[in-house]
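One letter stands for each residue in the lines below.
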Amino acid sequence: MPTLLELQYAMRSSLVQDDDEAASALLAAGVALDRLNIYRNTIVTGLTKSLRLSFPAVERLVGAEFFDGAVRHFIAAYPPRAAYLDQYGGEFSDFLRDFPPATSLVYLADVARLEWAVNGALHAPDAEPLDLAALKAVDCDDQARVSFVAHPSVRLLRADYPVDDIWRAVLACDDQALAGFDMDGGPVHLLVERRATGVEVVPLDAPAWHFLVDLCAGRPLQSALDREVELDASAALAQHLAAGRFTAFRLAAPEPEPTSPEAVV
Amino acid sequence: MASEKRVHARPIPAKAGIGLRFQHHQAVLDVRPDVAWMEVHTENYMGGGTPLRYLEATRRDVPISLHGVGLSLGSADGLDPAHLERVRQVAERIEPALMSEHIAWSVVGGTYLADLLPLPMTEEALAVVCRHVDQMQTYLKRRVLVENPSTYLAFRHSTIPEWEFIAAVADCTGCGILCDVNNIYVSARNHGWDASAYLAALPPAVIGEIHLAGHAVRPLPDGSILRIDDHASRVCEDVWALYREALARFGPIPTLIEWDNDIPPLDVLLGEAARADTLIAETRSEIAHADAA
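Taken in sequence, the protein lines are chains Z and H. Per the working numbering, the first sequence starts with residue 1, numbered consecutively. Per the working numbering, the second sequence starts with residue 266, numbered consecutively.
Watch out, some of these pointers could steer you wrong.
Stated by the list, open to error - Sample of chain Z residues at the chain H side, in silico, Cβ under 10 angstroms:
{"id": "1", "residue": "Thr-3"}
{"id": "2", "residue": "Tyr-9"}
{"id": "3", "residue": "Arg-12"}
{"id": "4", "residue": "Ala-28"}
{"id": "5", "residue": "Gly-30"}
Claimed, not checked - Selected chain Z positions facing chain H (in silico; Cβ < 8 angstroms):
{"id": "6", "residue": "Leu-4"}
{"id": "7", "residue": "Leu-15"}
{"id": "8", "residue": "Phe-67"}
{"id": "9", "residue": "Leu-122"}
Hints listed in this document are in silico derivations from the structure and should not be mistaken for laboratory results. Remember, it's a predicted structure, so these values are computed and weren't measured experimentally. For glycine and all other residues, C-beta sits at the position ideal for the given N, C-alpha and C.
Let the hints inform the model, and build the full structure from the sequences given.
Spelled out as structure tokens, the structure:
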């Protein structure tokens, strides 16, 4: 008699990898093997629906039929790891980059990366912005050592193509705009965040983007300022604070070791 | 704050409720429908932002039940502690009047198979489910309900009838039972069981909730018919009839109308709930008459 664990691995092979060999030996007499298709279909339909919600622009760019086909391959290669489908699809942009039928659309993977950032901002936990009064109370001598914690909805993304414009035009079904993009205009630097009115995708210039990347990575204020000499950094910082892009701050140790920038996607 | 909390902690009354899905969030706040309670899928409220705000606004008017679909109580390799913690955090924020999960599994070896998969009805599976219901109740510090599944296949080595399996889980863990009447009907027809006998085998004292939903009828190439629990249509007449039997046996019980695919306008759900309410009221008056006689 198979153990429960053996049965569950056999079912996984059947439902995710389409390998019915082990599962077929487990079914009761008279139960046709195609009954497994009912479950397989529910899984694929549910996950496809979830990915369609997260990647609507990718779907429109490639068409529903192509999208469904790509998703089937994706599900087999990267099945979800937890019953929290808001977080399912993080590998989809990498998958598309390496998916041979999709490589002719050079910006497709980057559009997917932007949509994943939008999805992440949409579902990020709620968090209160940092207490400005407490920040103002920091001693002048210590201000250089202030290091921020980014709001969980903040995502920072750099792409080789104008994916923000493409994304907007695709979702608005604006064919005219879609035909007129300058694909050689150089990289775009984007801030994605959830505001009270919804998720916003904001293009920044490169110095402003790098400054925010540094701050979100916990780099101490003075160190971040020193790296962006061309930027009106105090105005930028005031904007970030007013927009609630940080939830806390601390005073970094004198020898700073910035953490890896989690917000960069 | 304390008085607000008391309002939220109102128990779920023995009346009809509706499953609340994203499509109806705004309509529910606009219309404030006359429905006694609502149920949501716990997994849809694990992030921040808009969904939670809608649910927090809705729960000011009606008590909420949190119905989990992803804890995988039947996983042989254990509950995912991260998922259990996410469930706890939603409960902390929403303060539900009821919490429930399924007699099913969906996770093995770190892969989430996004469906409620059937368990073999064995002593081993029963022990696994009981251990996990204990773990869930301990972690959440509350009693939960477990729901009977709808199934399309059976395993060769099953030895325990499903109704006995579920009654045993309740008996071993002290949990309650969420009796899904549509699931009983679907599974009974698919496996050739007697749906009335299934109902009769469940212990009335621990039935905490009833589910009603529509299902699909699919003819198979071999000429047989498979019923699929797709929650995409009205409750069928046979299931309403079985629901009357359930009420007669269990008494008035909070009853939920579930609808998850091809979701209709809110009024359709409310119409189904009104029909359930009528049957609950009839049950109540029949009991009153019987007591008076």
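Tested hints:
1. At its closest, the beta carbon of Thr-3 (chain Z) sits 7 angstroms from a beta carbon of chain H; the interface hint therefore holds under the 10 angstroms criterion.
2. Interface restraint check for Tyr-9 (chain Z): the shortest CB-CB distance to chain H comes to about 6 angstroms, inside 10 angstroms, so the restraint holds.
3. With its C-beta approaching chain H no nearer than about 5 angstroms, Arg-12 (chain Z) sits inside the 10 angstroms limit, and its interface hint holds.
4. Taking 10 angstroms as the C-beta contact cut-off toward chain H, the hint placing Ala-28 (chain Z) at the interface holds, the least distance being around 4 angstroms.
5. With a cut of 10 angstroms, the hint placing Gly-30 (chain Z) at the interface with chain H holds, because the nearest CB-to-CB distance is about 9 angstroms.
6. With a cut of 8 angstroms, the hint placing Leu-4 (chain Z) at the interface with chain H holds, because the nearest CB-to-CB distance is about 4 angstroms.
7. Satisfaction of the interface hint for Leu-15 (chain Z) is found here, the shortest Cβ-Cβ separation to chain H being roughly 5 angstroms, below the 8 angstroms cut-off.
8. Proximity of Phe-67 (chain Z) to chain H is violated relative to the hint, the smallest CB-CB distance being about 18 angstroms (cut-off 8 angstroms).
9. A cut of 8 angstroms between beta carbons decides the hint on Leu-122 (chain Z): the least distance to chain H is about 6 angstroms, and the hint holds.
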